[in-house]
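Engineer: Residue strings, one per chain:
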Amino acid sequence: MNANDIAMSAAPVQEASGAAARPVLVSPPSVSPSRRAWQRFRRNRLGYWSLVLFCLLVALSLFAEVLSNDKPLVVRYQGQLYFPLVKDYSEKTFDGDFDTPADYLDPFIKGKLTQGGNWAVYPPNSYGPRTINYFAKEPNPSAPSRDNLLGTDDRGRDLLAQLVYGFRLSVLFGLALTIIGVVMGVIAGAIQGYAGGKTDLIGQRFMEIWSSMPELYLLIIFSAMFAPSVGLLLVLLSLFGWMGLSDYVRAEFLRNRQMDYVRAAKALGVSNLQIMWRHILPNSLTPVVTFLPFRMSASILALTSLDFLGLGVPPGTPSLGELLSQGKANIDAWWISISTFAVLVVTLLLLTFMGDALRDALDPRKADA
Amino acid sequence: MTATSTAACPLPAHENFPPESRLSAERAPSLLLEVKNLCVSFAGKEVVRGISFSMAPGEKLALVGESGSGKTVTALSLLRLVADAATSGQALFEAPGGRSDLLALPESTLRGIRGRDIAMIFQEPMTALNPLFTVGEQIAEVLQLKQGLAQAQSVQAAIELLASTGIPEPARRARAFPHQLSGGQRQRAMIAMALACRPRLLLADEPTTALDVTLRGQILDLLGDLQRRNGMAVLLITHDLNLVRRFADRVAVMENGHIVEQGAVAEVFASPRHPYTRKLLDSRPARDVAQASAFAPGVPAVMQASHVRVAYPVPVPGFRGWFRRGEFVAVKDASFTISPGRTLGIVGESGSGKSTLALASLGLLKFSGQLHAAGQPWSRQAAGNKAIRRAVQVVFQDPFSSLSPRMTVEAIVEEGLLVHEPGLGLAQRRMRVEQALAEVSMSEAQFPGLLRRYPHEFSGGQRQRLAIARVLIINPSLLVLDEPTSALDVTIQKQVLALLQRLQRERGLSYFLITHDIDVIRAMAHDVMVMKDGEIIESGSVFDVLDAPRHPYTKILVAQG
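Protein chains in written order, with the numbering used here: chain L, 1 to 369; chain A, 1 to 561.
Since the hints were made in silico from the structure, they are not lab data.
Quick caveat: nothing in here was measured; it's all calculated off a predicted structure.
It is possible that part of the hints are untrue.
To be verified - Stretch by stretch, here's where chain A covers chain L in the computed footprint (C-beta under 8 angstroms, at least three residues):
1. 31-38
2. 276-287
As the list claims (entries may be wrong) - Residues on chain A that point at chain L, a partial pick, calculated with CB under 7 angstroms:
3. S402
4. V419
5. G423
6. Y454
No residue lacks a Cβ here, since even glycine has one placed at the ideal position from N, Cα and C.
Using the sequences and the hints, build the whole thing.
Structural biologist: Printed below as a string of structure tokens:
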């Protein structure tokens, strides 16, 4: 009663009196509930700037090939333009001896490319994720230097390049895993919650059995049976990743299907699929959206942990987990562990800040003020 | 209260006035409570805007207003129970230790006053009582804290308090948990708890609103009885003018945070000075329905039910429950006919099965028996029901849950067209939506950008209009109205009922009206059925049933209304 009293008094629109259509004082522009949530999110500065920074980092990492690569972006050789980034050229193109893909870091080729009117534009960091610096002045892993800004790992690969590519892989993997998990979780939760009864009972028992499977052992077994790849990992982790979310969606559907607006839609003859899609789903998305950043950081962490254990992506793939395990193996090469650690912490922190802000923005108890 | 309970609950010195000296304000030694210029605001929004009133010892003052008028906040702020509120003004209370300002007292002193000198009872006893403790324990706790009684004494005193509120078998009820008591018993238990220390002032916040009509009178009589016996003052907060008329000495009418009028009840009710008071007093729904011809044999019925029975499965306790389920019969053998242009009202208390019958008539629940609508029975397949769905529509009670908060007005209202007239183009649909909205007196001129607005921007009455527009758009012949105005304020209720009456006259609609409110039935119905415990105990034309009730239960209902 009390809360209702206050809520009513705060209602923006005055009650129209009778049939006499007196214009009602309403000026605030009409905004949808999701738009209001976004405005609340924007008011949380930490969360908002975390989102901006995270998006910027992801966008930059999508152009990793331009930023960090062992191939020049553009080459002008004897009056002709070459684009090694998009096309492989033989060494013979640049008057080398062998018909193999050109190694642009080879001092011989480098020299050819700078002779006379020839020139080449290299990316800011001229190493790819797998490029081994054969010309390092120190034994591997070598400390940060002018050649390798963050040093190299124990195989002589540039650390900065690996971090850039590893970050990209982690984020894209996390995004893919989250999206697959959300879609599967929402579908499973929606069906269980909306149908209720036996469907719900069977679904819940299945999930209990499924979630008690030892996930890590399955991963070890599968990584022994199949060639490890990012795709396989995505499939295996998705098989188990949808369950946490589907419980929340199920609960929301169970609650919302009792609401009068759903009954009214049923009475209008709206089909079950339409009711789920148009009426219940938009009102059940709050936990889904709130958990997105947290799920994504959990996915990134899962990939990193598996890589650290050597059960993750195939060897040679740039990955943060593999770098961490290198850092552990070479404990005196501090640049490996510290820089990888920093990248991970920043990524996870940004996601957590975003998650906190989202949770506050979608909290139904918070007012708009 | 009995003599023994007085012994167990020792009277403070100030309680020893002869009770009759408190009955009238003029003879009272001084004012018990004097509120001066009280303002309460939440985050800069003023809810109570400078109100002043006073209460003599033993006086019954009613604070009347619609939701949002600030009456509950006023009562709560007297005990400083509102969180995050900024209050100003004075509330001088004659405490045993002397006159003091409730709004300025230190928290520790105020805690002593709460419960001992000023007690409060709330609208919903289910949420106001702690579900983890028995009723007796909760009352005994108050006695131990405030009166310093020993454990054994306090338990005995609690039982006596329960007995004084008229609960049968008080010793057994004292060991019951709140959920094991009925609504009326819970409210009695809460009253017993509030009166445990014989407060000088009782704040009663809508004490009967959550109760069924037949219980309301009993609880009110009990309050009046206890008030006389204990000589306490009662501040009754309510929106129900009938209660005020029956209970209070004086009345203060609140609107929008102001007290617009106060005075003796008889005076204010006989000659209200403020227009708002007049509007409130005038809000009893008026009967303005077409005298539709009685059931004619030639005209097909809009809905015809015979021997409809609805049962819910309920778990069977114990080992047997593993293998089979019991059933709870919500509606037993209901038969009725609704003719075109007429309104059939069902009246009954909560739990009588009237809403279940409504859902069954909409084909939203499984039932057995015959139920024809628009000339055909409900089918098991959704596709077979399309014609009936178009003919039979529903308006629910709670305007806040009956509209999806994430859909625009246009999307909500046009939904029926998408299902039943999928061939319509965008422009045609929009035109129909605007027509339907115009029928319920909502227009673009009143609400700029109406179609793109969301439900949260509208008040309860406006939402109910939107819910009506949503069903009107597909031209149904029968509307099931499930307590269509119970959640609305009285003045808004009158408007919505007038709208429904107009629609019936203009379109020849039939209504199947479910309500607990005799006034609404009187204003709207042609025929009426009285339901109790799933059975139809009396039915007939509205005047026959209400003016000459035969069943004893109907007599109580009519007397309370």
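Engineer: For every hint, state whether the structure bears it out.
Structural biologist: We went through each hint and held it up to the structure:
1. Taking a C-beta to C-beta cut-off of 8 angstroms, the region 31-38 of chain L contributes 4 residues in contact with chain A, enough for the three needed, and the coverage statement holds.
2. Under a criterion of three residues with beta carbons nearer than 8 angstroms to beta carbons of chain A, the stated coverage of the region 276-287 of chain L is upheld, 4 such residues being counted.
3. A hinted interface residue such as A/S402 counts as satisfied when its beta carbon comes closer than 7 angstroms to some beta carbon of chain L; here the least separation is about 4 angstroms, so the hint holds.
4. Hint status for A/V419: holds, given a least beta-carbon distance of 5 angstroms to chain L, under 7 angstroms.
5. Hint status for A/G423: violated, given a least beta-carbon distance of 16 angstroms to chain L, over 7 angstroms.
6. The beta carbon of A/Y454 comes within 6 angstroms of a beta carbon in chain L, closer than 7 angstroms, and the hint placing it at the interface holds.
Violated hint: 5 only; the structure is consistent with all others.
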